[in-house]
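**Student:** Protein chains in written order, with the working numbering: chain A, 1 to 388; chain B, 1 to 388; chain C, 1 to 388; chain D, 1 to 388.
One should not assume that every hint holds.
Identical chains share a label here; the pair holds if one copy fits it or two copies do between them.
Think about it this way: if two alpha-carbon atoms lie no more than 20 Å apart in a straight line, the pair counts; the simulated SDA-like pairs of lysine to any residue are [as the list claims (entries may be wrong)]:
hint : residue 1 : residue 2
1    : Lys103    : Arg30
2    : Lys117    : Gly369
3    : Lys103    : Thr36
4    : Lys103    : Pro68
5    : Lys103    : Ser325
6    : Lys71     : Arg32
7    : Lys103    : Ala326
8    : Lys117    : Arg32
9    : Lys71     : Asp130
10   : Lys103    : Leu233
11   : Lys117    : Leu348
12   : Lys117    : Tyr370
13   : Lys117    : Arg170
14   : Lys117    : Asn327
15   : Lys117    : Trp34
16   : Lys117    : Arg159
17   : Lys117    : Ile271
18   : Lys117    : Ser325
19   : Lys103    : Val128
20   : Lys103    : Ala321
21   : Lys103    : Gly76
Note that these hints are calculated values from the structure, not bench results.
Number of protein chains: 4
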Amino acid sequence: MTTLSPDIQATLEGQGIELPSWAFGNSGTRFRVWTTEGTPRDPFEKVADAAEVNRVTALAPSVALHIPWDKVDDFGALRRHAEDLGVTLGTINSNTFQDEDYKFGALTHEDDRIRRKAIDHHLECIDVMDATGSRDLKIWLAEGSNYPGQTDMRARQDRLNDSLRQIYARLTGDQRLVLEYKFFEPSFYHTDVPDWGTSYAQVATLGDRAMVCLDTGHHAPGTNIEFIVMQLLRLGKLGSFDFNSRFYADDDLIVGAADPFQLFRILVEVIRGGGLNNPDVAFMLDQCHNIEAKIPGQIRSVLNVQEMTARALLIDQGALAAAQSANDVLGAQAVFMDAFYTDVRPALAEWRESRGLPADPMAAYAASGYQERIEAERVGGVQAGWGA
Amino acid sequence: MTTLSPDIQATLEGQGIELPSWAFGNSGTRFRVWTTEGTPRDPFEKVADAAEVNRVTALAPSVALHIPWDKVDDFGALRRHAEDLGVTLGTINSNTFQDEDYKFGALTHEDDRIRRKAIDHHLECIDVMDATGSRDLKIWLAEGSNYPGQTDMRARQDRLNDSLRQIYARLTGDQRLVLEYKFFEPSFYHTDVPDWGTSYAQVATLGDRAMVCLDTGHHAPGTNIEFIVMQLLRLGKLGSFDFNSRFYADDDLIVGAADPFQLFRILVEVIRGGGLNNPDVAFMLDQCHNIEAKIPGQIRSVLNVQEMTARALLIDQGALAAAQSANDVLGAQAVFMDAFYTDVRPALAEWRESRGLPADPMAAYAASGYQERIEAERVGGVQAGWGA
Amino acid sequence: MTTLSPDIQATLEGQGIELPSWAFGNSGTRFRVWTTEGTPRDPFEKVADAAEVNRVTALAPSVALHIPWDKVDDFGALRRHAEDLGVTLGTINSNTFQDEDYKFGALTHEDDRIRRKAIDHHLECIDVMDATGSRDLKIWLAEGSNYPGQTDMRARQDRLNDSLRQIYARLTGDQRLVLEYKFFEPSFYHTDVPDWGTSYAQVATLGDRAMVCLDTGHHAPGTNIEFIVMQLLRLGKLGSFDFNSRFYADDDLIVGAADPFQLFRILVEVIRGGGLNNPDVAFMLDQCHNIEAKIPGQIRSVLNVQEMTARALLIDQGALAAAQSANDVLGAQAVFMDAFYTDVRPALAEWRESRGLPADPMAAYAASGYQERIEAERVGGVQAGWGA
Amino acid sequence: MTTLSPDIQATLEGQGIELPSWAFGNSGTRFRVWTTEGTPRDPFEKVADAAEVNRVTALAPSVALHIPWDKVDDFGALRRHAEDLGVTLGTINSNTFQDEDYKFGALTHEDDRIRRKAIDHHLECIDVMDATGSRDLKIWLAEGSNYPGQTDMRARQDRLNDSLRQIYARLTGDQRLVLEYKFFEPSFYHTDVPDWGTSYAQVATLGDRAMVCLDTGHHAPGTNIEFIVMQLLRLGKLGSFDFNSRFYADDDLIVGAADPFQLFRILVEVIRGGGLNNPDVAFMLDQCHNIEAKIPGQIRSVLNVQEMTARALLIDQGALAAAQSANDVLGAQAVFMDAFYTDVRPALAEWRESRGLPADPMAAYAASGYQERIEAERVGGVQAGWGA
């Protein structure tokens with residue numbers, strides 16, 4: 001059985017992956033949102049579910065919130081609730097895609113009133129950050145257009161920059177702004193921040209605490225994502241990851257489920273570029289469990305990241321560098337693939353047990369009775385989804 | 001000004017494009033369904049809107065219905081309502097994607113009870129066809145899976161065939177079954193009818209009145225759609241089109257809006273293969289007007305098809321064949337592009353007027369007061385969308 | 001350490017993967033063909049190299065030839081040469097893409113003289129098959145057009161069918177025709193056999209010994225290839241595989257190198273559909289080693305297929321079926337992924353040794369001195385490539 | 001007939017599109033380079049052919065050279081030859097993809113000797129620029145890797161930057177460096193400058209005279225190219241265009257042939273961003289005429305750009321802005337499409353004649369006897385291609 005060196009164990013012990021509160025709510029496609037028993041009705045229940053993932057994995061120490069979906073009267077109470085359950089509140093995600101005013105844009109809107117409203121929404125998010133102790137404000141712009149000619153892309157880019165400057169100016173202390181890019185959807189012709197280059201060009205004008213967020217599902221077919229990871233780390237602008245996986249579009253499937261080898265390659269570049277256990281680079285999930293069980297789906301996800309991180313750490317870097325220097329293509333590839341193909345799961349199970357964690361977190365959750373309890377207790381009320 | 005020959009005029013006069021009732025309801029993405037004033041509240045209002053498109057264009061003589069969205073107590077009454085407004089009820093579209101029972105499949109489901117229910121739904125659709133006088137039952141299977149290993153794709157294919165046979169057996173007279181394929185969405189890993197080959201292989205086992213439906217938005221990036229049009233016409237299995245356009249995925253944008261030249265090429269193959277004004281090949285729209293005005297969106301769409309058909313008919317087929325035979329690449333391309341670049345709009349406007357139609361149907365609609373009237377009248381009630 | 005059951009061992013023992021003679025010659029892109037020392041100068045040397053792959057793996061019992069690249073005066077002598085080295089001559093691949101006459105097509109050409117010439121070329125290939133004892137004639141049509149309007153796609157399809165009928169009629173005994181499809185390249189606008197549906201529709205008209213060849217690199221981005229494997233096996237028309245891997249287009253990289261999980265999924269469907277160790281389904285490689293060592297590249301490739309086959313055979317089919325029936329998405333996925341993540345390499349090494357084979361074929365080849373020998377001996381002459 | 005305003009005429013009169021010398025040589029795919037009669041044997045003949053394109057169009061005042069393909073003993077003589085024929089020598093293109101030393105990289109190579117050689121090649125190109133009076137040095141890096149793990153992408157990026165700095169430092173006067181990006185090919189796993197963001201990040205560190213080159217064929221499927229045009233103009237870093245068109249990969253087809261509407265949208269953004277007739281933005285073609293006639297192919301190409309520019313200039317900007325401001329999606333789209341659908345060809349023909357140019361340059365070339373003359377005269381010698 002492969003063993004994990006003390007160094008690797010120490011590195012893995014430092015790993016933390018933030019969970020998205022919305023992964024515990026219902027989700028779906030434009031055709032249907034499927035429901036599941038036990039789905040949370042409010043942010044407190046979402047946080048409780050997230051804490052359960054952390055309880056069996058020790059991998060998920062924080063929970064990202066989405067405003068307004070997770071708006072509560074007393075964020076201090078939500079924060080204490082989280083801390084009581086052993087987790088913290090993390091990244092605050094804004095929303096510029098569900099208010100009728102935002103039909104044609106928000107931070108990019110030509111109408112000053114609407115743009116002001118969108119900026120104010122972000123300032124409110126910063127207020128929430130102050131209350132929750134969150135460091136990061138994450139902005140995903142679902143803005144764009146559906147038809148060529150519909151809008152002036154250039155003017156929108158300039159207005160976006162102005163909006164971001166106003167938001168950035170409100171940050172204090174170590175608070176950061178991370179700007180997420182996305183290839184397409186929900187707009188079909190143009191998206192205002194469609195690629196890493198645009199996000200980089202925008203945040204570079206703001207300051208050191210403005211960074212790029214890389215969602216692994218937000219690229220064109222065939223894009224070499226680990227190259228972008230490398231480049232953003234090189235440029236000092238990789239602020240955070242939204243992990244998930246995809247076959248076609250932004251499928252938001254379980255990270256590592258569609259292309260495990262891609263996840264491996266991404267983590268290799270994270271390590272190569274000094275991004276692992278680096279406070280500047282936040283690891284988050286951004287997934288939808290449309291048809292599968294939600295809490296187990298999140299457990300599976302953080303385990304996938306952990307297992308693949310362990311594989312990436314196993315690369316014999318000396319042998320790899322030697323083969324690379326010799327332009328020994330097959331030799332270098334063999335070193336690389338050897339790490340990927342090594343089955344780290346038994347060693348990880350053993351190591352987990354040595355830390356007082358369940359060897360098999362999926363089984364531990366199934367045996368815990370938590371699922372049965374929430375299905376019994378969470379009756380009535382409105383299940384949380386993307387609209388609430 | 002380019003003129004349209006009597007032959008071309010006669011051909012264009014025979015053109016009819018079926019409108020989807022759901023294009024008049026609200027639609028959107030998984031992130032948001034935007035609403036618009038005047039949106040119909042029931043199938044009668046949808047049919048009225050569709051008839052308005054036909055009134056100003058004479059291009060849209062029928063309306064496709066979707067069951068259960070367009071379920072009414074008295075389909076005979078709906079039929080008379082349509083006929084009073086100068087249109088007919090057309091293709092009946094089934095729905096296997098919104099019932100909680102169908103979370104993991106319908107016509108492909110392993111559970112006999114659920115599969116029986118899905119088959120029965122289609123038999124009910126055939127009952128509706130009998131009442132509405134519709135010829136075509138269109139089946140789009142939104143069935144599939146999200147994760148490798150989740151399901152047995154092969155067994156599903158066999159169950160699908162059995163289900164289709166049972167449905168096909170219920171058809172009478174000239175009724176037909178058309179099976180639509182789709183590359184992906186709402187399932188992300190596998191779709192049970194993902195490509196024309198699968199649809200063809202399935203319907204070929206059923207009989208002469210089982211055909212393939214080609215939705216122009218349901219292909220992988222880079223697919224040569226007109227080649228498929230050619231092939232299905234050659235095989236005698238092109239039953240119908242769902243027209244729309246797309247930049248990335250199944251965007252359901254206005255036909256001809258994303259890539260006008262592709263629409264031209266498709267229509268060239270339709271003409272080449274004898275599919276124009278051929279009763280065996282139904283022309284339909286399948287679009288969503290998420291952010292633009294719906295009735296004008298449909299008017300624009302049928303005009304786009306008409307204008308591009310006129311361009312395709314303008315090809316100098318003799319010159320094209322001569323250049324093709326000589327392998328004169330640039331010569332053949334020049335003949336082809338000359339037709340595409342010819343501005344047929346003035347001639348079409350003149351021809352419309354000669355037939356007692358408005359020269360500019362978009363302007364005629366805007367001036368008609370219809371939009372203002374429905375916005376004023378359709379207050380209260382629940383606007384129609386994909387769920388109702 | 002994972003062990004391999006006697007059943008799995010027996011299955012793996014039956015596995016054979018045909019090597020392409022051209023993988024041992026030089027290859028490249030349109031920009032550059034790189035050369036390597038020791039590259040064969042003629043078909044005899046190519047066969048010798050292929051036999052070396054088989055010697056260290058017992059996985060590559062036959063060699064595919066390409067006509068005219070592998071044309072020799074005495075195919076009987078080549079056959080004896082192969083048999084002396086412990087391998088046989090396999091599939092004969094025709095070539096309709098390098099004769100100046102074929103600039104605008106071959107089996108699809110409008111000019112009867114050229115089409116006759118292309119048909120005759122295939123009849124000559126069948127003569128070669130008679131001499132070599134080969135069963136399969138593989139036809140990849142590099143035919144198509146670069147510009148819309150350049151050619152009449154429909155007429156070409158009909159001529160193709162006529163050409164194929166003439167070729168098929170010449171087959172005798174158990175000889176077969178396999179028709180390969182390809183999404184694009186070297187033609188950019190249209191390809192005459194671009195997808196499995198077209199290949200299937202064409203061969204279905206010929207007879208039982210006409211089958212489809214699936215090259216894993218010949219699909220649009222995002223295509224679910226294992227679905228096609230499933231469908232062709234279901235239809236009884238999967239004749240052969242051309243294995244390789246790709247990131248973007250038809251990269252012809254080492255099989256399993258770009259997306260190991262995809263190779264796993266393909267092999268799972270092969271097993272599910274009864275295609276493993278089934279004489280009707282031939283496994284071949286079709287790769288280019290542009291920059292890496294060629295013989296080791298082929299060894300790596302067949303080992304990749306073997307290792308992934310072993311993983312696919314490890315799936316606990318009972319547990320998988322149970323989870324699938326229960327619609328336990330995560331449970332089914334866990335069973336599936338468990339097999340993929342199991343490290344079969346130590347058990348395979350042990351099993352190889354038990355059969356008198358090197359535990360590590362890559363190392364055994366490196367230690368054999370074969371490479372040094374051919375580099376020393378193969379001096380002078382013209383290295384084989386795609387043009388010779 | 002649509003007429004062209006004096007303003008539009010003046011703008012069109014200022015338009016110039018640089019021709020690539022290599023478009024007149026033979027080209028092809030990895031499978032075959034087709035030959036044509038009359039193909040130039042040396043740079044002097046290439047320049048002569050380019051001048052012929054300019055003679056009938058007045059649209060192609062300069063010719064880009066590729067080193068070493070166009071290396072001559074006396075660049076002064078080549079320059080005078082060009083000037084005698086009414087054209088100038090333009091951009092100098094370097095080549096880091098055909099020397100055996102560059103198999104694993106050039107400006108990015110780990111081996112200092114090879115990297116030095118590649119840098120020196122560029123310094124030699126600058127010497128050529130001094131002799132030819134060229135302003136721009138264009139660098140397309142065909143560098144990358146084929147297998148994950150093969151190389152250290154990050155270290156290559158740093159070495160690339162160092163190499164570029166050394167080259168940039170040698171520029172004098174108004175000389176510029178333009179760095180071209182490309183999604184993939186000839187490398188399949190990673191390319192060292194794969195996207196506009198990387199090119200931008202690299203040139204931004206060099207200085208004001210380092211710019212990005214946008215080749216319209218070098219993007220992932222579905223990429224919104226006009227967005228990138230807008231962004232680079234906004235950032236002041238769009239140095240040049242390589243025009244061509246594509247269906248799938250980097251097909252290098254005639255510009256505007258695959259998607260005329262895309263070319264229109266690109267030109268609209270060029271105009272919107274002040275890039276038309278702006279000396280900072282060079283317009284070039286980068287095409288291959290694999291199967292079509294080469295000189296007519298180039299004539300067709302520059303005419304396509306001219307015609308589409310005229311259409312883009314016809315947009316009623318006032319009406320467009322008004323509709324955009326009102327979020328009148330269909331109204332804005334109508335204004336936009338009206339320009340695209342307007343047939344500018346008759347007006348352009350008339351305008352050409354008014355300037356003493358042939359109304360139909362394609363016909364004028366065909367009637368000129370030039371093609372017959374070169375086919376008769378250019379007998380013997382070696383036809384130019386990518387290797388010579």
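**Student:** Taking the hints in turn, state whether each one holds.
**Tutor:** Hint by hint, here is what the structure shows:
For the identical chains of this complex, Lys103 and Arg30 are neighbours both inside a copy (17 Å) and across copies (14 Å), given an alpha-carbon limit of 20 Å. In this homomeric assembly, Lys117 and Gly369 never come within 20 Å of each other (Cα to Cα): the closest approach is 45 Å inside a single copy and 34 Å across copies. With identical chains, the CA atoms of Lys103 and Thr36 are at most 20 Å apart between copies only, with a shortest distance of 11 Å across copies and 30 Å within one. Taking identical chains as interchangeable, the C-alpha atoms of Lys103 and Pro68 lie at most 20 Å apart only when both belong to the same chain, with a minimum of 17 Å there against 28 Å between chains.
With identical chains, the CA atoms of Lys103 and Ser325 are at most 20 Å apart between copies only, with a shortest distance of 13 Å across copies and 54 Å within one. In this assembly of identical chains, Lys71 and Arg32 lie within 20 Å of each other by CA distance solely across copies; the values are 19 Å between and 25 Å within a copy. Taking CA atoms no more than 20 Å apart as the test, Lys103 paired with Ala326 passes between copies only; the shortest distance there is 12 Å, against 56 Å inside one copy. For the homomeric pair Lys117 and Arg32, the shortest alpha-carbon distance between copies (18 Å) is at most 20 Å, but the shortest distance inside one copy (30 Å) is not.
Taking the shortest alpha-carbon separations for Lys71 and Asp130, only the intra-copy value of 14 Å comes in at or below 20 Å, while the best inter-copy value is 51 Å. Taking CA atoms no more than 20 Å apart as the test, Lys103 paired with Leu233 passes in neither setting, with 35 Å inside one copy and 27 Å between copies. Taking the shortest alpha-carbon separations for Lys117 and Leu348, neither the intra-copy value of 49 Å nor the inter-copy value of 46 Å comes in at or below 20 Å. When the C-alpha separation of Lys117 and Tyr370 is checked against a cutoff of 20 Å, the pair qualifies neither within a copy, at 41 Å, nor between copies, at 34 Å.
Only within a single protomer do Lys117 and Arg170 lie at most 20 Å apart by alpha-carbon distance; the minimum there is 15 Å, versus 51 Å between protomers. Taking the closest pair of Cα atoms, Lys117 and Asn327 come within 20 Å of each other only across two copies (18 Å); inside a single copy the shortest separation is 56 Å, beyond that limit. Taking the closest pair of Cα atoms, Lys117 and Trp34 come within 20 Å of each other only across two copies (19 Å); inside a single copy the shortest separation is 32 Å, beyond that limit. Proximity of Lys117 and Arg159 under a CA criterion of 20 Å is satisfied intra-copy only: 14 Å inside one chain copy versus 46 Å between copies.
Taking the shortest alpha-carbon separations for Lys117 and Ile271, neither the intra-copy value of 40 Å nor the inter-copy value of 32 Å comes in at or below 20 Å. Taking the closest pair of Cα atoms, Lys117 and Ser325 come within 20 Å of each other only across two copies (18 Å); inside a single copy the shortest separation is 55 Å, beyond that limit. Within a single copy, Lys103 and Val128 get their C-alpha atoms no closer than 25 Å, and across copies no closer than 37 Å, so neither meets the 20 Å cut-off. In the homo-oligomer, the alpha carbons of Lys103 and Ala321 lie at most 20 Å apart only across protomers (18 Å), although the nearest pairing inside one protomer, at 52 Å, exceeds that limit.
In this assembly of identical chains, the alpha carbons of Lys103 and Gly76 never lie at most 20 Å apart, being 33 Å within a copy and 39 Å across copies at closest.
Of the numbered hints given earlier, the model fails hints 2, 10, 11, 12, 17, 19 and 21; all others are met.
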